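Enquirer: One letter stands for each residue in the lines below.
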Amino acid sequence: MYFRFLAVLPFIGILLGVPFVNRVEPLVLGMPFVLAWIVLWVILISLIMALIYRLDPSNRQAPADTEEARS
Amino acid sequence: MSSALLIIAAVTVVALLLGLRARRGHDMSLEQWTVGGRSFGTAFVFLLMAGEIYTTFTFLGGSGFAYGKGAPVYYILAYGSLAYILSYWMLPPIWRYAKSQRLVSQPHFFSRKYDSPALGVLVALVGVAALIPYLVLQLKGLGIIVATASYGAIPSTSAIWIGAAVVTCYVIVSGVRGSAWNSVVKDTLILAVVLFLGIYLPIHYYGGLGDMFHTIEAAKPGFLTFPAKGSSVTWFQSTVLLTALGFFMWPHTFGSVFTAKDERIFRRNAMVLPLYQLILLFVFFVGFAAVLKVPGLKGGDIDLSLFRLSLQTFDPWFVGVIGGAGVLTALVPGSMILNTASTLLANDVYRGLLKRDASDASVTRLARMLVPVVALVAVAFTLHGGETIVALLLMGYNFVTQLFPAMICSLAPHNRATKQGAFCGILAGVAVVAATTLMHLSMGQLFPFLPDAAKDVNIGFVALALNIVVFVVVSAVTQPRTSGESHAQTHVH
Chain A
1 MYFRFLAVLP
11 FIGILLGVPF
21 VNRVEPLVLG
31 MPFVLAWIVL
41 WVILISLIMA
51 LIYRLDPSNR
61 QAPADTEEAR
71 S
Chain B
1 MSSALLIIAA
11 VTVVALLLGL
21 RARRGHDMSL
31 EQWTVGGRSF
41 GTAFVFLLMA
51 GEIYTTFTFL
61 GGSGFAYGKG
71 APVYYILAYG
81 SLAYILSYWM
91 LPPIWRYAKS
101 QRLVSQPHFF
111 SRKYDSPALG
121 VLVALVGVAA
131 LIPYLVLQLK
141 GLGIIVATAS
151 YGAIPSTSAI
161 WIGAAVVTCY
171 VIVSGVRGSA
181 WNSVVKDTLI
191 LAVVLFLGIY
201 LPIHYYGGLG
211 DMFHTIEAAK
221 PGFLTFPAKG
231 SSVTWFQSTV
241 LLTALGFFMW
251 PHTFGSVFTA
261 KDERIFRRNA
271 MVLPLYQLIL
281 LFVFFVGFAA
291 VLKVPGLKGG
301 DIDLSLFRLS
311 LQTFDPWFVG
321 VIGGAGVLTA
331 LVPGSMILNT
341 ASTLLANDVY
351 RGLLKRDASD
361 ASVTRLARML
371 VPVVALVAVA
381 FTLHGGETIV
391 ALLLMGYNFV
401 TQLFPAMICS
411 LAPHNRATKQ
421 GAFCGILAGV
431 AVVAATTLMH
441 LSMGQLFPFL
451 PDAAKDVNIG
461 FVALALNIVV
471 FVVVSAVTQP
481 RTSGESHAQT
491 HVH
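If you read the sequences in order, they're chains A and B.
When we follow the working numbering, the leftmost residue of the first sequence carries the number 1, and every step to the right adds one.
When we follow the working numbering, the leftmost residue of the second sequence carries the number 1, and every step to the right adds one.
Derived from the structure by calculation, the hints contain no laboratory data.
Worth double-checking, as some hints may not be accurate.
Among chain B residues calculated to face chain A with C-beta under 7 Å, some are [what the hints assert, rightly or not]:
hint, residue
1, Y74
2, L209
3, F213
4, T215
5, T225
6, F226
7, A270
8, M271
9, L275
10, R356
11, L450
12, D452
13, A453
Quick list of in silico lysine to any residue cross-link-like pairs, SDA-like style, CA-CA up to 25 Å [as the list claims (entries may be wrong)]:
hint, chain 1, residue 1, chain 2, residue 2
14, B, K293, B, R268
15, B, K99, A, N59
16, B, K69, A, F33
17, B, K229, B, G25
18, B, K69, B, E263
19, B, K229, A, I12
20, B, K455, B, T234
21, B, K293, B, L275
22, B, K220, A, L27
23, B, K99, A, R60
24, B, K69, A, R60
25, B, K69, A, E25
26, B, K220, A, E25
27, B, K455, A, N22
28, B, K293, A, R60
29, B, K455, A, I12
30, B, K229, A, V24
31, B, K229, B, L125
32, B, K220, A, V39
33, B, K220, A, R60
34, B, K455, B, L376
35, B, K99, B, L125
36, B, K455, A, V21
37, B, K455, A, L15
38, B, K293, A, V28
39, B, K220, A, I12
40, B, K220, B, F318
These numbers come from a predicted model, not from an experiment.
Glycine residues also receive a C-beta, built at the ideal position from the N, C-alpha and C atoms.
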């Protein structure tokens, strides 16, 4: 279950990283550096969660009961 | 009638009709009314959870916060995304338990997990105390939006009454289904409006995003980074962590988990919802664009920045479209809150405290009767509440965060925590939140010996820490003597 540790990275990046990037220049995509840093991590969270979803065996069972007619 | 008013009125009528129509083909049993019969697919659950993010608080408050305070607004983007990481592992077991026990509310979950109706009542009261100010905030926002976007043709008091009547009608009739259908319209409209404003306004007024931020930095140095004191980096870290933990503890968000038809929905949403958060970025851009273009708004008026800028930029019909989107950001979350608060009072306070053997049918009837009562209380607070409501609102988030320790322990396969521990921990945490908020205490005042950086830590952590200590100590003292023995027969008090 080593892949779960990937989920810790965004907490480190956002909570512990921000003190080191608290500045305006250089602007990234027009945004202040510290804002761009947070935006980068939000995108990384999506990618990391997608990776975890792929690797997680609990998502691999056959979708037995998902094909229900709409209620 | 101006074109703006016409569009706002049309959006409101559509919301009402759609909300009423949502009932079609469903008998409104307790499970249907509260959790949509646990039949919602990925899209509906996604929108109900996203509905929590895009309220008037983010639409007006997010842009107002950027306008008034600058960099500290970035925290809104961070905490939701971290909360979604937690949701991947936290929500599936909650959903499984709720389905197996046919739960309809958050206090219901606590009362079953800890086998204590008294704990359910406590959680319900904490929930209602947090929800009512939140509903008041939506109504206040609605009043501001309609009054501004109708160019004063409709005073905010009338808008508040109309808005409250609309949500009351469709919540009574359709329950959570009305909220779900309306959130489809809301999110489509808000998405389009916010993206457009966030891209157009910086280009229109400054020539581009980079130019805008350069101009702001030159005019107000330090506005775009966290300050050394006050809303500092330490404040950011502690607030993000605290609000990420509290995110799913709001009773209406917790309840929307129960509407899902399978547990994989949550794991799938955990990868998409963070990206959806990025729309908030464009709300920030609007607020930043207003900083130099409509200067001088102070205090509570900072929340008007988005509309003030729109009024001086666009034709009335487009102000109407923005107003219509704004109305929906108040109505949809408002309806979810109304639905949840009534359920809490009927299912968990009435059935949990007063009449244990009440049938599902009578609880449903009572919950639907309570909808207009809760709405009236909220309207009264909105029109006459004054400053007290602001204090209540500040408490709301910290209140619901106090439920986190007892919730997370209850998910463990062998939960060693006891109902007495959970009860006392939550009570202690809530008491500290209330005391510190009402007395306007900060970390620095409470612990003057701390280093400067630590003084900016969110005061909510004191409450959470004390909560955990009490929770652990009382649980240790009240351990059942023989671990194998069932303690289902003992009662609190």
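Enquirer: It remains to establish, for every hint, whether it holds in the given structure.
Expert: Evaluation of the provided hints:
no.: 1; hint: Y74; verdict: 5 Å, holds
no.: 2; hint: L209; verdict: 3 Å, holds
no.: 3; hint: F213; verdict: 6 Å, holds
no.: 4; hint: T215; verdict: 12 Å, violated
no.: 5; hint: T225; verdict: 5 Å, holds
no.: 6; hint: F226; verdict: 5 Å, holds
no.: 7; hint: A270; verdict: 5 Å, holds
no.: 8; hint: M271; verdict: 4 Å, holds
no.: 9; hint: L275; verdict: 5 Å, holds
no.: 10; hint: R356; verdict: 31 Å, violated
no.: 11; hint: L450; verdict: 17 Å, violated
no.: 12; hint: D452; verdict: 14 Å, violated
no.: 13; hint: A453; verdict: 9 Å, violated
no.: 14; hint: K293/B / R268/B; verdict: 41 Å, violated
no.: 15; hint: K99/B / N59/A; verdict: 19 Å, holds
no.: 16; hint: K69/B / F33/A; verdict: 17 Å, holds
no.: 17; hint: K229/B / G25/B; verdict: 57 Å, violated
no.: 18; hint: K69/B / E263/B; verdict: 39 Å, violated
no.: 19; hint: K229/B / I12/A; verdict: 22 Å, holds
no.: 20; hint: K455/B / T234/B; verdict: 8 Å, holds
no.: 21; hint: K293/B / L275/B; verdict: 30 Å, violated
no.: 22; hint: K220/B / L27/A; verdict: 16 Å, holds
no.: 23; hint: K99/B / R60/A; verdict: 22 Å, holds
no.: 24; hint: K69/B / R60/A; verdict: 46 Å, violated
no.: 25; hint: K69/B / E25/A; verdict: 19 Å, holds
no.: 26; hint: K220/B / E25/A; verdict: 15 Å, holds
no.: 27; hint: K455/B / N22/A; verdict: 19 Å, holds
no.: 28; hint: K293/B / R60/A; verdict: 53 Å, violated
no.: 29; hint: K455/B / I12/A; verdict: 22 Å, holds
no.: 30; hint: K229/B / V24/A; verdict: 17 Å, holds
no.: 31; hint: K229/B / L125/B; verdict: 36 Å, violated
no.: 32; hint: K220/B / V39/A; verdict: 23 Å, holds
no.: 33; hint: K220/B / R60/A; verdict: 53 Å, violated
no.: 34; hint: K455/B / L376/B; verdict: 40 Å, violated
no.: 35; hint: K99/B / L125/B; verdict: 23 Å, holds
no.: 36; hint: K455/B / V21/A; verdict: 21 Å, holds
no.: 37; hint: K455/B / L15/A; verdict: 17 Å, holds
no.: 38; hint: K293/B / V28/A; verdict: 23 Å, holds
no.: 39; hint: K220/B / I12/A; verdict: 30 Å, violated
no.: 40; hint: K220/B / F318/B; verdict: 31 Å, violated
The structure fails hints 4, 10, 11, 12, 13, 14, 17, 18, 21, 24, 28, 31, 33, 34, 39, 40 (numbered hints given earlier, in ascending order).
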